[in-house]
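Generate coordinates for the entire structure from the input sequences, incorporating the hints supplied.
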Amino acid sequence: MTAPSSLHAPIGFDDFLQVELRVGRIVAAEVFPQARKPAYLLQVDFGPALGLRKSSAQITQLYQPEDLVGRQVVAVLNFPKKQIGPIQSECLVTGFHNADGHVALCVPDREVPLGTKLL
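In our numbering, the protein residues as written are 3 to 121.
To be clear, the hints were calculated from the coordinates, so they are not data collected in a lab. Any given hint could turn out to be false.
[Stated by the list, open to error] Derived BS3-like pairs: lysine-lysine, alpha-carbon spacing no greater than 30 Å straight-line: (1) Lys84 x Lys119; (2) Lys56 x Lys84; (3) Lys56 x Lys83; (4) Lys84 x Lys39; (5) Lys56 x Lys39; (6) Lys83 x Lys39; (7) Lys56 x Lys119; (8) Lys83 x Lys119.
[Said to hold, decoys possible] Across the chosen pairs, the derived CB separations fall in these ranges: (9) Phe15 x Pro88: 30 to 40 Å; (10) Phe98 x Glu68: 19 to 29 Å; (11) Pro110 x Lys56: 13 to 23 Å; (12) His104 x Ala30: 20 to 30 Å.
Note that CB positions come from ideal geometry on N, CA and C, so glycine has one too.
Structural data, given as C-alpha cells:
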C-alpha cells in the first residue's frame, strides 16, 4: 500500500512538540462580515495562564454562533498573529474538511482543563 501523495516529508518528534496545540473554550462567536469568505469571529478562553484569544474561523456551513459558545476546541497558539480584515487573529482553531468540503471542528471527546497541550 502506498502513502497518499498529500503527505509531506517526515518530521521529528521534537518538531511536532514545537506546535502549541491547546484546548480552549469558545466564549463568544459572531458573524464576521468583513471576512472575504464567510466566517465567524471567535473569542476563545485558554485559561488563566494563556488568556483569551481571537480567531477567525470559516465554519459557517456546519455551525451557528449560538451553538459554538461553550464548546471546547483545539487551536494552535504559537503561530504569529495574522491580520484578517479589521482584526488580528491570535490563534488558529483547527478542523477537518468533511466529504462536502465543510469544516468540522477538531475537539476533545471529553472535557479537559483549558490550556491543556496536545501530546
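Hints and how they fare:
Restraint check for Lys84 and Lys119: satisfied, since their Cα atoms lie roughly 22 Å apart, inside the 30 Å limit. A C-alpha spacing of about 10 Å is found between Lys56 and Lys84, which places the hinted pair at or below 30 Å, so the restraint holds. Taking the CA atoms of Lys56 and Lys83, the gap is near 10 Å; set against the 30 Å cutoff, the hint holds. With a C-alpha separation of about 16 Å, the suggested pair Lys84 and Lys39 falls inside the 30 Å cut-off, and the hint holds.
Of the supplied pair hints, the one linking Lys56 and Lys39 holds, its CA atoms being roughly 17 Å apart against a limit of 30 Å. A hinted pair counts as satisfied when its Cα atoms are at most 30 Å apart, and Lys83 with Lys39 qualifies at roughly 19 Å. Between Lys56 and Lys119 the alpha-carbon distance is near 18 Å, which keeps this suggested pair within the 30 Å criterion. Distance hint between Lys83 and Lys119 is fulfilled; the C-alpha atoms sit about 19 Å from each other, no more than 30 Å.
The supplied range of 30 to 40 Å is met by Phe15 and Pro88, whose beta-carbon atoms lie about 39 Å from each other. Between Phe98 and Glu68 the Cβ separation comes to about 23 Å, which falls inside the hinted range of 19 to 29 Å. At roughly 21 Å, the beta-carbon separation of Pro110 and Lys56 lies within the given 13 to 23 Å, and the hint holds. Restraint check, His104 to Ala30: a C-beta distance of roughly 22 Å satisfies the suggested window 20 to 30 Å.
Comparing the model with each earlier hint shows no violations; every hint is respected.
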